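Asks: Listed here are the chains, written in short residue letters.
Number of protein chains: 2
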Amino acid sequence: MAQAYAYTIYRGTFVHTPRLPDSTPRLKTELVRNRGALWVASADGRIKGFDWQARDDASFKELMTRNGWVDVDAPQTYGYDGNEVKVKIVLASEERNEFFFPGFIDTHIHAPQFPNVGLFGSSTLLDWLETYTFPVESGFGAQADQPGGTDKLPNDAPLSALRIYDQVVARTLSHGTTCASYFATVHVPATNALAALCHSRGQRAFIGRVCMDNPDFCPPYYKDLSADDSVSATRSTIEYIRGLDPKGTLVNPIITPRFAPTCTRPALEGLGKLAAEFSPPLHIQTHISENTNECALVKELFPESESYADVYDRYNLLTKRTILAHAVHLTPDERNLIRQRDAKISHCPASNSALGSGIAPVRTLLDEGITVGLGTDVSGGYSPSILEAARQACLVSRLLGHTTSFCQKGDKHVHENGHADKPIIGREKLSVEESLYLATRGGAAVVDMADDLGGFDEGMIWDAQLIELGSVQELSEKPLDMRTDGAPSLVKAGPVGNVDLFGAETWEEKIHKWVWSGDDRNVKAVWVAGRLVHSKS
Amino acid sequence: MAQAYAYTIYRGTFVHTPRLPDSTPRLKTELVRNRGALWVASADGRIKGFDWQARDDASFKELMTRNGWVDVDAPQTYGYDGNEVKVKIVLASEERNEFFFPGFIDTHIHAPQFPNVGLFGSSTLLDWLETYTFPVESGFGAQADQPGGTDKLPNDAPLSALRIYDQVVARTLSHGTTCASYFATVHVPATNALAALCHSRGQRAFIGRVCMDNPDFCPPYYKDLSADDSVSATRSTIEYIRGLDPKGTLVNPIITPRFAPTCTRPALEGLGKLAAEFSPPLHIQTHISENTNECALVKELFPESESYADVYDRYNLLTKRTILAHAVHLTPDERNLIRQRDAKISHCPASNSALGSGIAPVRTLLDEGITVGLGTDVSGGYSPSILEAARQACLVSRLLGHTTSFCQKGDKHVHENGHADKPIIGREKLSVEESLYLATRGGAAVVDMADDLGGFDEGMIWDAQLIELGSVQELSEKPLDMRTDGAPSLVKAGPVGNVDLFGAETWEEKIHKWVWSGDDRNVKAVWVAGRLVHSKS
Chain A
1 MAQAYAYTIY RGTFVHTPRL PDSTPRLKTE LVRNRGALWV ASADGRIKGF
51 DWQARDDASF KELMTRNGWV DVDAPQTYGY DGNEVKVKIV LASEERNEFF
101 FPGFIDTHIH APQFPNVGLF GSSTLLDWLE TYTFPVESGF GAQADQPGGT
151 DKLPNDAPLS ALRIYDQVVA RTLSHGTTCA SYFATVHVPA TNALAALCHS
201 RGQRAFIGRV CMDNPDFCPP YYKDLSADDS VSATRSTIEY IRGLDPKGTL
251 VNPIITPRFA PTCTRPALEG LGKLAAEFSP PLHIQTHISE NTNECALVKE
301 LFPESESYAD VYDRYNLLTK RTILAHAVHL TPDERNLIRQ RDAKISHCPA
351 SNSALGSGIA PVRTLLDEGI TVGLGTDVSG GYSPSILEAA RQACLVSRLL
401 GHTTSFCQKG DKHVHENGHA DKPIIGREKL SVEESLYLAT RGGAAVVDMA
451 DDLGGFDEGM IWDAQLIELG SVQELSEKPL DMRTDGAPSL VKAGPVGNVD
501 LFGAETWEEK IHKWVWSGDD RNVKAVWVAG RLVHSKS
Chain B
1 MAQAYAYTIY RGTFVHTPRL PDSTPRLKTE LVRNRGALWV ASADGRIKGF
51 DWQARDDASF KELMTRNGWV DVDAPQTYGY DGNEVKVKIV LASEERNEFF
101 FPGFIDTHIH APQFPNVGLF GSSTLLDWLE TYTFPVESGF GAQADQPGGT
151 DKLPNDAPLS ALRIYDQVVA RTLSHGTTCA SYFATVHVPA TNALAALCHS
201 RGQRAFIGRV CMDNPDFCPP YYKDLSADDS VSATRSTIEY IRGLDPKGTL
251 VNPIITPRFA PTCTRPALEG LGKLAAEFSP PLHIQTHISE NTNECALVKE
301 LFPESESYAD VYDRYNLLTK RTILAHAVHL TPDERNLIRQ RDAKISHCPA
351 SNSALGSGIA PVRTLLDEGI TVGLGTDVSG GYSPSILEAA RQACLVSRLL
401 GHTTSFCQKG DKHVHENGHA DKPIIGREKL SVEESLYLAT RGGAAVVDMA
451 DDLGGFDEGM IWDAQLIELG SVQELSEKPL DMRTDGAPSL VKAGPVGNVD
501 LFGAETWEEK IHKWVWSGDD RNVKAVWVAG RLVHSKS
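As given, the protein sequences belong to chains A and B, one line each in that order. At position 329 of the first sequence (counting the first as 1) the number is 329 in UniProt numbering, and the numbers step up by one without a gap. At position 430 of the second sequence (counting the first as 1) the number is 430 in UniProt numbering, and the numbers step up by one without a gap.
Hints in this document: simulated from the structure, not taken from any laboratory. Not one of these hints is a red herring.
Beta-carbon label-pair distances, calculated as ranges: (1) B:E368 <-> A:E94: 52 to 62 Å; (2) A:P75 <-> B:S471: 41 to 51 Å; (3) B:D73 <-> A:K61: 53 to 63 Å; (4) A:A504 <-> B:E300: 26 to 36 Å.
Which residues of chain B face chain A? A partial, calculated answer using Cβ under 7 Å: (5) L119; (6) S353; (7) G356; (8) L395; (9) R398; (10) L399; (11) H402; (12) C407; (13) S431; (14) H512; (15) W516.
For clarity, every value in this text was computed on a predicted model and none was experimentally measured. All C-beta atoms in this analysis are idealised placements derived from N, C-alpha and C, irrespective of residue type, glycine included.
The following block holds chain A by itself, in its conformation from the complex (with noise of 0.2 Å):
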């Protein structure tokens, strides 16, 4: 559809991270504010510039004559003889304290477990896979329980499972997750369905069917029939979704065996070869070092195998463009097999913390030049906000010194003083600056497409949220006690959601009350690829 416009104005302040050479320690990661304009294109949704001198309305008509742009919404405001390039305006309120941000990156969610959100007990990940996750992941192969589907959904999946993935998607753009990187299930219909309804409300998504054919772990009631089948089945996911978006521009399959537990040598074998049929090469999503007792199994059902992170590399799974979710307890060689093949990590801190499955040394792993991302993992994770999973890597990495693998099991640090021995005390916490840009730049290359995502640099595209703080109490309102109307504060004073802003704030405070206080509440709008995809109500 060709738009009525040929770029999006955005108009008001902008906060990124910047992107940093591979070289320099992330300890140093810092927001970037910039307040002027910047133009996407209908064309690509891409940022075409900007300009930071346009920040008065006088200078902002400059930049717009210069241009010979006209807005379609007001085409009186700056003349208009028919020969001007149509724009749209869109403007960050700076009294509300309104501001861009590059939209987040989910890493590692599974799609199916939503409705299990919140529904974990004290379980740790064995029992947890067997007691909440399989039974709720098998539903989405019950036969289509209401006739379903339209020319955009596939018929032949239940309506139980499109309503729960209409549902996920919803939810996470309505926190700004721009990007998610989803477990499916094992069902070829349900899984199509999850990338239609992706392509449809317009997220970028990798879409992973999960391929878990080992009889002596999965439950007879959820599994492949064997490893042929886990290859073939994922191979029709494959040819839906190229056929949904042949170019990938927003929904690209991605292979996903669950875990080395899940998976006979066969179907590993398999899926590693069927990633790398395609040029380039597929994405591939997994699993590793979650757990304690999961590290031990898996030692025990591959003895051939060097190591956990050894058992994917065999069958050529562990690439550029594979996503590790977890890795919370990786010895110092997996880690550096890890890197050797230049493989991701998606962090998971909520779900670490509420499976207790312990806490990934984010800070050595970025020291060694692993590259890591953020994940909410629902429903391990409680939370489809990113905004929570960066808050609580922040919370985590201010734990993990009085954990006993940070003290005891190698984790030991390259410092910036040469010393390897010794972490340097208060080194391994995260800043909320480097959780967000875990959250942005980081999740983006972790997907591979860090030229792409993460940032407002010139020819990124835009896949960004508004976020909305609200205004600043004025020192005039006064307590209840002493207004006559009788009515709440919080009415009056105009905080979005629970960011309370004083006026006091420095612009980098604000970003940290949002962190720590903010929620959905404070997205207001939500931009993939330039197409407004959310809108707050």
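Dock chain B against the given chain A, drawing on the hints supplied.
Replies: Structure of chain B alone, referenced to chain A:
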């Protein structure tokens, strides 16, 4: 003011935790759900009875008739001849998954630090105090910057302080906190204003003027002039608060030595004596053993004391009405002393993670018979929500088994099996039910009101919140692409906030979903002593 009705009848679903005998292992805490009607007297705000048979309209009408009750809002419904007892009816909707729950008790919160919520960087306790806390608190002593005060508010407190305190009370009420134990600042007028605001808005509160007179630790710009000043200024706020609420029905003073390092021995001694002057003795609150550097400092400052806990004990500050915040690094001897004195502990998990203090071994404390409640510790804690504190209590208990202190430092458990030398793996975890117990019954015991607050037992005070989870999505609600109206699913589905119900949840699972996904949007109304003090706009 005389009430227009004698009772309020609450109808619908009631959830609370049962009161536990001291000998019951806390691991077995369960939630209890009752459905029917419960009535609260307007005269004293206490629960006078309930009828769990009166679930349907017919049996409810029978209950009304039997008691000669008439609904003031709809007298004709049940007949009205002028001789009936007038009652007001408040209904929790079953279809909207509403239920009554005891109000939350925040056993540790610093009201003046509220503007700093979310601002702590990567600091730890001692540098955090210097960088963030003392500067913001010192502002509460500024000259009254506008003519403030009313008949209800002291006119010598700065308007800026009134505004912040007003917002704190409004915010905590909106999160369902019906009772809070507040640290204020050293300033008498602002401390008195906090008491007046709580009293006026109807929040149950303990108000502590902070004592800090040690010139070697406190900054020159923010300290008491002397030990005598600590005591006499505290006495002055006690008198103000007693004048405001002579029987202490709602608002009470609490003796508040900030923590050992900020106080000289004469101040500690004077404050212990001041508390004991009253009958019953006044409540006391302070901090203990939050951070290892703090523990080392106390050892250095008080070489004559056997332990940190012993410092307080020497000055009669360790009583059954003492609230000790944090208790992360207590020794077994200190725990024993605290148990002997029956002093109480406020567990502040969000703060302990945020400042990297460590993880308090709550199970050990409970097993040893120590009373524990939850605290937000704003702004060491980044959230004024006790629901968030309950979540964090669950999460950090799942990480506790990974910490060195748990594995090495003598946090040995008294086990059901009699072994005391090796922790049972997993037993340290707190369940959702236990966290909710700590947030309500536990908090009530911490403020020495276990007979009055924290549950829905007959005779208890109606400090309660009405929680609304929202409707279950109907299967007939089709995904976006199967509907013709184009409206996003979230609008039609009727969830409140982030709690998504799909219809298969048990009632216990709905509570889990509330705890893990809920926020202030789910708090529809809040009552203290039967008075409606907050309702969602």
